[in-house]
Amino acid sequence: MEIIAKPTHLMANTATMAYRNILKTIHNPERLMDVLIQPILFTVMFGYLFGGAIAGGVAAYLPTIVPGILIQTMLSAASGSGSQIREDLDSGVFDRFKSLPMAHIAPLAGQLFADILRLTIATVVAFATGFAMGWRPAGGFGWVLAAGGLAIFTGWAMSWLFALLGLLAKSATMVQSFAMMTMMILSFLSNAFIPLKTLPHWLLTVAQINPITHVITAMRAMLNQGLWTQQAWLVIIFGVAIVLIFAPLTILAYNKPN
Amino acid sequence: MLANDAIKIESLSKTFGTYQAVTDVSLTIHKGEVFGLLGPNGAGKTTILRMMTTLLKPSHGTITIFGHDTQKQPRQVRALFGLTGQYASVDEDITAWENLMIFSRLNGLSRSEAKQRSTALLQEFSLVASADKAVAAYSGGMRRRLDLAVSLISQPPLIFLDEPTTGLDPRTRNQMWATIRQLVAKGSTIVLTTQYLAEADELADRIAVIDHGKLIQVGTPAALKAAVGGSTLKTQLQSVNQIPAAVKLMTQTLHVEATADKSIITAKLGNPNQVTNVLNRLSQHNIPIVNIAVQSPSMDDVFFALTSGKN
Ligand SMILES: Nc1ncnc2c1ncn2[C@@H]1O[C@H](COP(=O)(O)OP(=O)(O)O)[C@@H](O)[C@H]1O
Ligand SMILES: [Mg+2]
Numbered sequence: 076m077e078i079i080a081k082p083t084h085l086m087a088n089t090a091t092m093a094y095r096n097i098l099k100t101i102h103n104p105e106r107l108m109d110v111l112i113q114p115i116l117f118t119v120m121f122g123y124l125f126g127g128a129i130a131g132g133v134a135a136y137l138p139t140i141v142p143g144i145l146i147q148t149m150l151s152a153a154s155g156s157g158s159q160i161r162e163d164l165d166s167g168v169f170d171r172f173k174s175l176p177m178a179h180i181a182p183l184a185g186q187l188f189a190d191i192l193r194l195t196i197a198t199v200v201a202f203a204t205g206f207a208m209g210w211r212p213a214g215g216f217g218w219v220l221a222a223g224g225l226a227i228f229t230g231w232a233m234s235w236l237f238a239l240l241g242l243l244a245k246s247a248t249m250v251q252s253f254a255m256m257t258m259m260i261l262s263f264l265s266n267a268f269i270p271l272k273t274l275p276h277w278l279l280t281v282a283q284i285n286p287i288t289h290v291i292t293a294m295r296a297m298l299n300q301g302l303w304t305q306q307a308w309l310v311i312i313f314g315v316a317i318v319l320i321f322a323p324l325t326i327l328a329y330n331k332p333n
Numbered sequence: 263m264l265a266n267d268a269i270k271i272e273s274l275s276k277t278f279g280t281y282q283a284v285t286d287v288s289l290t291i292h293k294g295e296v297f298g299l300l301g302p303n304g305a306g307k308t309t310i311l312r313m314m315t316t317l318l319k320p321s322h323g324t325i326t327i328f329g330h331d332t333q334k335q336p337r338q339v340r341a342l343f344g345l346t347g348q349y350a351s352v353d354e355d356i357t358a359w360e361n362l363m364i365f366s367r368l369n370g371l372s373r374s375e376a377k378q379r380s381t382a383l384l385q386e387f388s389l390v391a392s393a394d395k396a397v398a399a400y401s402g403g404m405r406r407r408l409d410l411a412v413s414l415i416s417q418p419p420l421i422f423l424d425e426p427t428t429g430l431d432p433r434t435r436n437q438m439w440a441t442i443r444q445l446v447a448k449g450s451t452i453v454l455t456t457q458y459l460a461e462a463d464e465l466a467d468r469i470a471v472i473d474h475g476k477l478i479q480v481g482t483p484a485a486l487k488a489a490v491g492g493s494t495l496k497t498q499l500q501s502v503n504q505i506p507a508a509v510k511l512m513t514q515t516l517h518v519e520a521t522a523d524k525s526i527i528t529a530k531l532g533n534p535n536q537v538t539n540v541l542n543r544l545s546q547h548n549i550p551i552v553n554i555a556v557q558s559p560s561m562d563d564v565f566f567a568l569t570s571g572k573n
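Which chain is which? The protein sequence lines are A and B, in order.
Numbering-wise, the working numbering comes out as the position in the first sequence, counting from 1, plus 75.
Numbering-wise, the working numbering comes out as the position in the second sequence, counting from 1, plus 262.
Just to be clear, a hint being listed does not mean it is correct.
To be verified - Computed footprint of chain A on chain B, listed as stretches where at least three residues anywhere in the stretch have a Cβ under 8 Å from a Cβ of chain A: (1) 341 to 349; (2) 355 to 361; (3) 365 to 377.
Keep in mind the hints are simulated off the structure, nothing from the lab.
From the three backbone atoms N, C-alpha and C, an ideal C-beta is built for every residue, glycine too.
Whenever a hint applies, use it, and build me the whole structure from the sequences.
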């Protein structure tokens, strides 16, 4: 039987692999483009384009879109991890990882931990852009931190989903296009940019089923009212459930003997 | 398994879907030898290597490395070898130093041990000057050297090299050969794959010839070459009219049958010194030549000789 890696061994290996991911990002800062550019671009564009029409002004619209765009960015950051995993698997380096006497799961775990950094950067950028445009969340700084934490947790839970997709997909390009579609559909068919009450009935139903709507509603309550709602608990439970279901599936797919 | 054996492969087969990539290969590789897997592209060399290095699960058969079964004790086995894959198995995005440090840490070295080992390997493989450059900017030769350096971090007793010189220019290839010879001198067991008989000849103590996933023959380079029957002499004449005379002359001189195709005459050459005799006789009979060449047996010749009558 294969000797099970000692936990210390696993932790050290995972830390090394996370360090590797961060080094890759330092050498290729364009890997951060999605989490840097997207929130800035979308907040500025949507804010000035639709602010007047939807909320009567940019400042009034910001409490709606800042959490919306943050979650949209989390979605694309999480999907980015899926295509990075696919790219990594297709490169010769992965063979070396697998042929070393190290904890087998460490490359995957390293990626998912390094992702937390990407997600954190995205959160800071999204909030900072809103702030620069005049957004002053009524909940105060403490609630901004809490909402940021919830967003990062949501993004991290979703990155397990995309990691599984990355492992099962044929190519990184396929992961990217699928991720792009998911991101568009989930974020635009939600309350991220618009008040739901303007939607026709059938679309309203879709948007209300969309889990992204619930995450955004929970975050708005935190940021704008300083309230921890039942929906926030729902998000946590849902996120934990995703990790509990998809982490084992991802690990199973990863360890699949070929 | 004998104490002297590094690797024992028994009835190894691998099927991808319905495609049989490796069929019933049995081999023993001794400690301290350089063992060459020789075969054309698609023969199954990489597949066999991937099964030996625990990256691929055999469909049938067993592989034992220093007494450990690759399927039952993959972890122990992984601690015993270094692998340089066919495609660069280093990280392109980061520097040579970072690659060495990361793989040292993953090999279980402490931070200070890792620093020491990385410094030593950079020196040994003449990579100090480019240690802080991203590997993506490296030449093919430098990349291979780094790749090899990374495989040697844990000072493994067994080293796998998958086509270590494919795609390298002749000068870099010679450097790689020199490096491999140094490893041999240190007593490592080396398993390498190659498409070139000349390379297997140059480096390997024993060669296994693989074709279509089957083991055709195992032997020393000398034995394989003997099986093929030495070199070929190719002579091109100035005048096509003189071909019949020249063929007759060469058949007499070489004691083997010479054959003509267009203006080129081909004959087996048992001993390279016979070329002098041929040239003398041709000039005595006033038969001018345009070109004369001695060709070592090619991969094709080896396969033809070894597979004819078997398949
Ligand atoms: N993962 C795979 N799935 C399907 N076929 C494969 C796979 N890997 C290799 N093959 C096939 O097996 C044969 C042997 O391949 P390989 O071992 O790479 O040959 P070599 O290394 O000698 O060039 C080839 O025909 C190749 O297409
Ligand atoms: Mg190959």
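Hints, one by one, checked against the model:
no.: 1; hint: 341 to 349; verdict: holds (count 6)
no.: 2; hint: 355 to 361; verdict: holds (count 4)
no.: 3; hint: 365 to 377; verdict: holds (count 5)
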